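Trainee: Please model the complete structure; the sequences and the hints are all you need to start from.
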Amino acid sequence: MSRPLAAPDYNAMSNEDFRREVRAFFEAEYPQQLRYILHRARWHEMKDWWRKLYDKGWIAPNWPGEWGGMALDAGKMVIYLEELERHGVARAPDQGITQVGPLIMRFGTEAQQQHYLPRTRSGEYIWCQGYSEPNAGSDLASLQTAAVLEGDHFVVNGQKIWTTLADDATHIYLLARTDKAAKKQQGISFLLVDLKTPGITLRPIRNLAGHDEFCEVFFDNVKVPRANLVGALHDGWSVAKALLSFERLGIGSPRRPQYALRRLEMVARAKGLLDDSGFVDRFIALKLDMEDGAALYGRFVEQVKRGEPLGQDVSMLKIWTMEAWQRLAELLVEAGAEQGVIAGVHDVAGVETDFLNPYYYSRPATIYGGSSEIQRNILAKYVLKLPS
Amino acid sequence: MHDPLTAAGAAEHRRILADSVADFTARGTDIARVRRLRGTSTEYDRTVWKKMAELGWLGILVPERYGGLGLGLSEMAIVARQLARALTPEPLTGAAVLAAGALVKSDNESLKREHLPRLAGGEMLPTLAWQEDAGALDPAVIRTWAIPFEGGYKLRGVKRFIAGAAQADAFLVTAQAAEGMVLLWVPRETAGARLGLDPLADGRSFGTLELKDALVPRAHVAASGAAAAAALARALDHAAVIAGAELLGVMERALEMSLDYLRTRVQFGKPIGAFQALQHRAVDLYIHKELAAAVLEEALAALDGGANAATRAVLASRVKARCSDAALRITREAIQLHGAIGFTDEYDAGLYLKRALTLAAWLGHATWHRRRHARLTLAATASV
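From first to last, the protein sequence lines stand for chains A and B. Sequential numbering of the first sequence, starting at 1, is according to my numbering. Sequential numbering of the second sequence, starting at 1, is according to my numbering.
These are computed hints drawn from the structure, not numbers from a lab. These figures come from a predicted structure and were not determined experimentally. Heads up, the beta-carbon is just placed ideally off N, CA and C, and yes, glycines get one too. Hints may be right or wrong, so weigh each one.
Here are the simulated DSS-like cross-link-like pairs (lysine-lysine), alpha carbons at most 27 Å apart as the crow flies [stated by the list, open to error]: (1) A:Lys385 - A:Lys183; (2) A:Lys241 - A:Lys385; (3) A:Lys385 - A:Lys184; (4) A:Lys241 - A:Lys223; (5) B:Lys270 - A:Lys385; (6) A:Lys184 - B:Lys270; (7) B:Lys270 - A:Lys381; (8) B:Lys51 - B:Lys270.
Short, incomplete list of chain A residues facing chain B, as computed with Cβ under 10 Å [said to hold, decoys possible]: (9) Arg269; (10) Ile284; (11) Lys287; (12) Glu291; (13) Arg299; (14) Ile378; (15) Val383; (16) Leu384; (17) Leu386; (18) Pro387.
Mentor: Okay, structure coming up:
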């Protein structure tokens, strides 16, 4: 696989021209039936779209040109993401692009970069994230999956859990304990593992919405070449930490709850609930919670566009947006009354609505990516500077 | 208007303005003065008011041709927010936003030339007398009558909830005339006009203006009909936004006090701010404060950017609703986080709660503004 030719300089375009070009491509090429889907998209659904983006040179907007990315600056990146969300483009199994690719560029060896980056971009390698364990959730650094160095390879034993779309993935990036004697964060290493390696077993876990979106991954004497270590031995924690704040901006985007908000307004109209002042008081308060949250989001976006790093205060965005999403989803179910608990998509007063899906999917939103309680701990410590 | 400024230049100017107000409150006003003035019939201090005029703040929204600075709501919000942090009792929003705004958009040129420069200069303190019933905030619903008399009008009615009335020199009064709404200039000493004061939670007062055949000459008609209604609607929206800025200043200071207390108060052998239950409450208050600041910032940019009347109304209601709720929540929680000391009159936390209470109720509370927002936005999308 050869390195691609230099991409056009998108950053030299005006924001308006860039937005227009991105929008036109999404509108022309993205499959209509996959717009605004409610479940997490699977690889078999998304692989044709991946191919289109790859052929266009747009699969890795955040990657530099030398690795076939669009090399977008922060301002253009925000526009790209806004247009994805605006058109209802589903998120592909993209952790290779958003997470492990940038980490390999920053911490990986030349050989790792040459091997993994082109294959990750083309979709030959699909990645999942092996961080959480049954006994290491919010307290991730207490993870116990062990990787013992024996000559030119590690022997990995242990269990990962809540591994999103592991059964769609070809590879997993792993935090494993390489030094049991060291304290917590210090004895952890970052490994790249082929899921076809003998000794790895996957077990899908069904979630509340009835979908098998995450898995348990078991490691039983799995041999991982030493060459698959990213960064220094025992230094995996700092490798993994390098990405987190931009992720929290994405998670705090006010667009995630838009389905619930739009459906709620449509259902309310159709059922005449807007004549019920008790309902209107609650509905408009929630609508303003979302709009005002969007104003807060806008401030962080402006900060990113100016090229300033995001501070720990971005945590407030995830807390507010995700908790407001839950309140919206709760009111949607209530607005449906008895119909609100009928499973699946159904017609209520002429509006096709899935009442329960937002209710279910807003639940883990305050758990994954750092629970609301962990985010509050972060704000208390680093922003409010409260004592510990 | 001044020369167009670059974004960086504008940000720098605003920072300097905020610093100068902070400097003013540090030297020129303190909580001891606020405490002295509360509950008095004078309510605020005209010499402090005059100093505020000398610094240009009273003329921020007055065009340069009438002796003002001709700046925007963004600048006025900076001044209001900083003054509110110090609980300054002078009626900046009531006089320099609400009354000034209505007069600026009036069409009586000689009245404007006479009074706007003196308003900006601090010699003339007018306030707006438009509301008649509690919770009734539609400026078009008026039971005060302007009866034609000797080429002018005789006024009959009662105006209530007038902020800054205590030492006001004149009132801009709305009344119903045969030709529609009129906005009239009524000097305080007008025969037939009697002012009463209702004490407020925060030590200031609302004025009640009884008008019993008060005479208003033709020359004192500031505006009438659609022009009067438009001037009033605009001034009320702008005042709601600047009241939001005041609420932001109040909540910011109350939150700072609470956080300081959490860091220093020791119980069970450690600062109480080390307890997670209190940390998480403090974080939630901080988030509400940041939301209020973000909404205010977005609204100010849109309003100074020339938003139309419909957008203006929606934004004003968003700001007033969010800032009122956030300030009430933060000041209420300030009492709880301080424990018993927070419930004493001697401690300042209660002063912030009381200012939040009065500002939140004035010009429409949060629920009123959310309902207005619903009327404006849900109706607008109903036909889509």
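Trainee: Would you mind marking each hint as holding or not holding in the structure?
Mentor: Results for each hint:
For the suggested pair Lys385 (chain A) and Lys183 (chain A), the alpha carbons sit about 25 Å apart, so the restraint of at most 27 Å is met. Between Lys241 (chain A) and Lys385 (chain A) the alpha-carbon distance is near 21 Å, which keeps this suggested pair within the 27 Å criterion. The hinted pair formed by Lys385 (chain A) and Lys184 (chain A) meets the criterion: a straight-line CA distance of about 24 Å does not exceed 27 Å. In summary, the hint linking Lys241 (chain A) to Lys223 (chain A) is supported, as the alpha carbons are separated by about 25 Å, within the 27 Å threshold.
Distance hint between Lys270 (chain B) and Lys385 (chain A) is fulfilled; the C-alpha atoms sit about 15 Å from each other, no more than 27 Å. With a CA separation close to 26 Å, the supplied pair Lys184 (chain A) and Lys270 (chain B) stays within the 27 Å bound. With a C-alpha separation of about 15 Å, the suggested pairing of Lys270 (chain B) with Lys381 (chain A) holds against the 27 Å cut-off. In summary, the hint linking Lys51 (chain B) to Lys270 (chain B) is not supported, as the alpha carbons are separated by about 45 Å, beyond the 27 Å threshold.
Hint status for Arg269 (chain A): holds, given a least beta-carbon distance of 7 Å to chain B, under 10 Å. Look at Ile284 (chain A): its Cβ gets to within about 4 Å of chain B, closer than 10 Å, so that hint holds up. Taking 10 Å as the C-beta contact cut-off toward chain B, the hint placing Lys287 (chain A) at the interface holds, the least distance being around 8 Å. Given hint, Glu291 (chain A) at the interface with chain B, holds; its Cβ is 7 Å from that chain's nearest Cβ, closer than 10 Å.
Of the supplied interface hints, the one on Arg299 (chain A) holds, with its beta-carbon coming within about 5 Å of a beta-carbon of chain B, less than 10 Å. At about 9 Å, the closest approach between the beta carbon of Ile378 (chain A) and any beta carbon in chain B falls short of 10 Å, and the interface hint on this residue holds. The criterion of a C-beta within 10 Å of any C-beta in chain B is met by Val383 (chain A), whose closest approach is roughly 7 Å, and the hint holds. A cut of 10 Å between beta carbons decides the hint on Leu384 (chain A): the least distance to chain B is about 6 Å, and the hint holds.
For Leu386 (chain A), the interface hint holds, the least distance from its beta-carbon to any beta-carbon of chain B being 4 Å, beneath 10 Å. Nearest Cβ of chain B to the Cβ of Pro387 (chain A): about 4 Å, under the 10 Å cut. The hint holds.
The structure fails to meet hint 8 from the earlier list, while all remaining hints are met.
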